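K.L.:
Sequence:
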Amino acid sequence: MPVISTPSPDLSSILADWYHSEARDLPWRRKAFHARFGAWGTLVSEFMLQQTPVTRVIPRLEAWLERWPTPTAMSSATPAEVVQQWANLGYPRRALWLHRAAIEITARHGGDVPRNVEALLALSGIGDYTARAVAAFAFGDRHPVVDTNTRRVMARALEGRSQPGPASRRDLVTMKALLPDADDESAVFNAAMMELGATVCTSRAPKCERCPIAAQCAWLSSGRPDTGDDRRKQARYEGSDRQARGAVLKALRESDAGAVPLDAVIHDWTDLAQRDRAIDSLIADGLAEASEQMLRLPR
DNA sequence: AATGCGTGGCG
DNA sequence: TCGCCAAGCAT
Numbered sequence: 001m002p003v004i005s006t007p008s009p010d011l012s013s014i015l016a017d018w019y020h021s022e023a024r025d026l027p028w029r030r031k032a033f034h035a036r037f038g039a040w041g042t043l044v045s046e047f048m049l050q051q052t053p054v055t056r057v058i059p060r061l062e063a064w065l066e067r068w069p070t071p072t073a074m075s076s077a078t079p080a081e082v083v084q085q086w087a088n089l090g091y092p093r094r095a096l097w098l099h100r101a102a103i104e105i106t107a108r109h110g111g112d113v114p115r116n117v118e119a120l121l122a123l124s125g126i127g128d129y130t131a132r133a134v135a136a137f138a139f140g141d142r143h144p145v146v147d148t149n150t151r152r153v154m155a156r157a158l159e160g161r162s163q164p165g166p167a168s169r170r171d172l173v174t175m176k177a178l179l180p181d182a183d184d185e186s187a188v189f190n191a192a193m194m195e196l197g198a199t200v201c202t203s204r205a206p207k208c209e210r211c212p213i214a215a216q217c218a219w220l221s222s223g224r225p226d227t228g229d230d231r232r233k234q235a236r237y238e239g240s241d242r243q244a245r246g247a248v249l250k251a252l253r254e255s256d257a258g259a260v261p262l263d264a265v266i267h268d269w270t271d272l273a274q275r276d277r278a279i280d281s282l283i284a285d286g287l288a289e290a291s292e293q294m295l296r297l298p299r
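Quick note, the first sequence lines up with residues 1 to 299 if you use the UniProt record's numbering.
Please note that a few of the clues may not be correct.
As the list claims (entries may be wrong) - Pairwise CB distance ranges, derived in the manner of DEER restraints: (1) 230 with 76: 25 to 33 angstroms; (2) 88 with 262: 19 to 27 angstroms; (3) 255 with 55: 27 to 35 angstroms; (4) 271 with 232: 22 to 30 angstroms; (5) 207 with 292: 53 to 61 angstroms.
Unchecked claim - Taking lysine-lysine and the BS3-like style, the derived pairs with C-alpha atoms no more than 27 angstroms apart in a straight line are: (6) 233 with 250; (7) 207 with 233; (8) 31 with 176.
None of these hints come from the bench; they were simulated from the model.
Quick caveat, the model's predicted, so the values are computed rather than measured.
Heads up, the beta-carbon is just placed ideally off N, CA and C, and yes, glycines get one too.
Take these sequences, add in the hints, and give me the full structure.
P.N.:
Written out as structure tokens, the structure reads:
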């Protein structure tokens, strides 16, 4: 009988095999995409993917990059143009932050997206996730990339919980300990953990029968217990201030004249105090400006 | 550290 | 129908 036992493959090689055969063919994973747009392409895709689903980002990304193929190109745009191009991707402050980041990259880094995580973190709109995603996926460096997907996979596979707890910087430490030693393998590991969480180890109705690491999952082996969910619930959108802001901004984006009379902005809105609140807060956020009783996108 | 911030698809 | 959820960030 066999004297030589086959070593059981480690987590990272199982995930790498699975990733290479099962991962979705997304634009930002193509070699041609990196050849055309470099790290800027990765950075823009990551901004758009902050809380906006992949399927909604895909049709908007290429148009953005064709209009502004480099940080320097985008740095000379106006906020109004950027917010307009962002359209209905949601959370329009991200468009302003991306614009500021482009200006900062042009000023501080000669127009080249920095590779260093500290430098990336110093840019507007870039936090722990985006900084390391750019460093790992655009530059191939070894950093723990922690997002909602990897946190859920770690919570289930490692802790046996049905949902992760609130996001914590400790997650970075946990993820880093799982990374393979080699830079390139570590980038694949990050991508594979995210892909697994996005397509198999989903928040609701996870497809454990299709999971490549089912055999080593603490949650599955203990019978998928409901361990509770201490994540904060999302506030209701219907009737919210956010909905009012969204309606005002939509009106500004769609205004042919580029400006709307203040008293005509979402004129059919029933809660007038809420409408005024929305306008004031958009101005405070730099997403709108008022002059001569007109409201417009910021110039 | 808890909150506020868009929008739309899906079960 | 309607609540859940989505590659987070700044304050």
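K.L.:
Each hint needs a verdict: does it hold in this structure or not?
P.N.:
Cross-check of the supplied hints:
1. 230 with 76: 25 to 33 angstroms: violated, 45 angstroms
2. 88 with 262: 19 to 27 angstroms: For residue 88 and residue 262 the Cβ distance comes to about 23 angstroms; the hint holds.
3. 255 with 55: 27 to 35 angstroms: Since residue 255 and residue 55 have Cβ atoms about 28 angstroms apart, the given range 27 to 35 angstroms holds.
4. 271 with 232: 22 to 30 angstroms: With Cβ atoms ~25 angstroms apart, the hint holds.
5. 207 with 292: 53 to 61 angstroms: holds, 57 angstroms
6. 233 with 250: holds, 26 angstroms
7. 207 with 233: holds, 24 angstroms
8. 31 with 176: holds, 26 angstroms
When each numbered hint is compared with the structure, a violation occurs for hint 1 only.
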